[in-house]
Amino acid sequence: MKKLLFIALIALVIQSCSNESDTKLPILGNRHPVERTVDGKTVVDTIYQTISPFSYLNQDSLLVTDKDFDGKIYVADFFFTSCNTICPIMHRNMLDVYKKFKDNPKVKFLSHSIDIKYDLPSRLKTYATKLGVEGNQWEFVHGSRDSIFNIAAKNYLVSAFEDSSDPQGLVHQGWFILVDTKKQLRGAYDGTKSDQVKQLIEDMDKLLREEAANEK
Amino acid sequence: MRNRLIFSSLLLFTVAILIQSCQNEDSINYKRYYVNGKGIYEKNCQNCHGVDGKGLGTLYPPLTDSTFLLTNKKKLACIIRNGQSGQIKINNIVYQGQMPGNNTLAEIDIAQVIVYISNSFGNKQGHYDQAEVTKDLEYCK
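Quick mapping for you: the protein sequence lines, in order, are chains A and B. Letter 53 of the first sequence, counting from 1, is numbered 166 in our numbering, and no numbers are missing. Letter 41 of the second sequence, counting from 1, is numbered 66 in our numbering, and no numbers are missing.
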């Protein structure tokens, strides 16, 4: 009887463990159902929101497009180099995440500057170097006004806009957006809160496990 | 003789109490400055310089170098009010950037935040009064 109880307990523990690693991150954003016919039967597919193709210049003045993020998961955010409100906090936290996943070929970081006028690639390079970031695992990108503000609002669902009533003229939210290899949104974390950044690190590990399982 | 003894001991006692009460007021003042200074720091400085005063990379310099803060003590009020640009060297690391000034802070606020900074992050410089801020601000470049 005791043995049986023991086995049952072990089984329970194992199950609870496997359950944990099986839970997947939700897919965020808009979605719409699409009907199609397979073998004469109608099936409904859900089409999830994905990040549209983009093309920017990074801190080395090199072209960066969505293709550079194929097969990788990445974290995106919006900032500008002269921002002294939430950006330093965000990038202090992002730097911790970056160090955690440094040199992992499956992980990238994408910081969009919303200061179109001043944050040219050379200035982004200075910023990245001072932050202690080398190479291109973490891309700091410069783009046209429309492309940056559109992709923020429509794709990453982050509010960012120019506002003349703000002392610095630019307003944006501090979200870190986690994107999977299918360019779907899988998580949004307040980059100014350390507990949410910790959650991001855990969720990235989880997402990497999911992506690895999908590859098999 | 006896009266004299009583008188002098009373005098000594009064002086001792006076000195003690002065010290108490000083330390109360210091504590008041420090606590208020912490709040001002959190609102105006912490984003860049950090909770622990360590700055961020070479973007924002740390406030943990006690030599720099000590040798530039008289410039701190001006830096806080008018900002700073150009090159500075802290712990042998060069920082080049621009710190925005803050002209919304009153002299008392500046004094309080200086007391907080110069007595945190490994610094221990003691009290710094509003009157000294007024004096230091006259010599801003």
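Read the hints as simulated data drawn from the structure, not as lab findings. From the three backbone atoms N, C-alpha and C, an ideal C-beta is built for every residue, glycine too. Mixed in with the good hints, there may be bad ones.
Across the chosen pairs, the derived CB separations fall in these ranges [as the list claims (entries may be wrong)]:
1. A:168 / B:95: 47 to 55 Å
2. B:68 / A:144: 37 to 45 Å
3. A:230 / B:56: 41 to 49 Å
4. B:123 / A:139: 41 to 49 Å
5. B:68 / A:274: 20 to 28 Å
Now for the hints, and whether the structure bears them out:
1. A:168 / B:95: 47 to 55 Å: 51 Å, holds
2. B:68 / A:144: 37 to 45 Å: 41 Å, holds
3. A:230 / B:56: 41 to 49 Å: 46 Å, holds
4. B:123 / A:139: 41 to 49 Å: 42 Å, holds
5. B:68 / A:274: 20 to 28 Å: For residue 68 of chain B and residue 274 of chain A the Cβ distance comes to about 24 Å; the hint holds.
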